[in-house]
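K.L.:
Full structure from sequences and hints, please.
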Amino acid sequence: MNGLRGLLAEFAAGDEVLAATHAARLAGYVALEVYSPCPVEGVAEALAFRTRLPRVTFVAGLLGGAAIFLFQVWVHAIEWHLNIGGRPSLAAPAFIVPTFEITILSAALLTAFAMLWKNGLPRLHHPLFAVPAFARASQDRFFLFIGAGDPRFHAGHVRAFLESLAPLEVHNVPR
6 MNGLRGLLAE FAAGDEVLAA THAARLAGYV ALEVYSPCPV EGVAEALAFR TRLPRVTFVA
66 GLLGGAAIFL FQVWVHAIEW HLNIGGRPSL AAPAFIVPTF EITILSAALL TAFAMLWKNG
126 LPRLHHPLFA VPAFARASQD RFFLFIGAGD PRFHAGHVRA FLESLAPLEV HNVPR
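Each residue of the sequence shown is one higher than the one before, starting from 6 at the first, in this note's numbering.
Think of the hints as simulated: they come from the structure by calculation, not from any bench. Think of the CB as a built atom: it goes at the ideal place given N, C-alpha and C, for glycine as much as any other residue. Errors might be hidden in some of the hints.
What follows is a list of derived Cβ distance ranges for each label pair [to be verified]:
1) Gly33 with Val80: 32 to 40 Å
2) Arg164 with Asp20: 16 to 24 Å
3) Leu129 with Asp20: 18 to 26 Å
4) Pro137 with Gly47: 23 to 31 Å
5) Leu129 with Ala82: 48 to 56 Å
6) Ala135 with Ile109: 38 to 46 Å
7) Pro103 with Ala135: 48 to 56 Å
8) Leu121 with Ala82: 31 to 39 Å
P.N.:
So this is what it looks like as structure tokens:
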């Protein structure tokens with residue numbers, strides 16, 4: 006790995022980085038990232054991007070809603086039961102609003118924390134910042150990164166592969 010975190014290819018247009026991403030996937034590379042100043046249609050599919058975040062959101066909402074509903078049942082029907090005017094102990098319709106609110110709150114909070122954790126945030130410094138050209142990733146350049154953690158990564162072969170895609174330049178990303 007020679008102290009490299011990976012190699013970064015710089016492109017001038019979104020369709021170029023999309024074509025390069027497809028080529029890298031076809032070549033068998035899996036540790037890929039694309040950085041661009043604007044959304045590029047098709048990049049997520051080209052990267053075979055998948056997320057479990059919707060499932061995390063659903064389970065968090067389900068557990069949060071069930072927990073608050075059961076808590077209300079325990080409080081009102083079991084622990085501190087008050088018979089006021091002959092009303093039933095378990096008045097489930099009265100529990101709907103707090104259950105809904107806590108369901109949404111728990112789903113939103115756990116989703117935000119899971120997203121931050123999965124993205125490795127907060128991160129004050131990233132090795133890509135050591136590449137001077139990467140400052141243009143938020144302006145007018147598109148970048149394809151192949152990480153050294155890829156099973157097929159060999160610096161010479163990856164550099165030759167990236168240069169065959171006709172980028173503006175190929176940069177080393179130090180560890």
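K.L.:
Indicate, hint by hint, whether the structure satisfies it.
P.N.:
Hints, verified against the model:
1. For the pair Gly33 and Val80, the supplied restraint of 32 to 40 Å is violated, since their beta-carbon distance comes to about 58 Å.
2. A C-beta distance of roughly 23 Å is found between Arg164 and Asp20, which places it inside the suggested range of 16 to 24 Å.
3. For the pair Leu129 and Asp20, the supplied restraint of 18 to 26 Å is violated, since their beta-carbon distance comes to about 33 Å.
4. For Pro137 and Gly47, the Cβ-Cβ distance of about 29 Å falls inside the hinted range of 23 to 31 Å, so the restraint holds.
5. Look at Leu129 against Ala82: about 50 Å separates their beta carbons, and that is inside 48 to 56 Å.
6. A hinted range of 38 to 46 Å for the beta carbons of Ala135 and Ile109 is consistent with their spacing of about 41 Å.
7. Range check, Pro103 to Ala135: Cβ separation about 50 Å, and the 48 to 56 Å hint holds.
8. One distance hint, 31 to 39 Å for the beta-carbon pair Leu121 and Ala82, holds here, with the actual separation near 38 Å.
When each numbered hint is compared with the structure, violations occur for hints 1 and 3.
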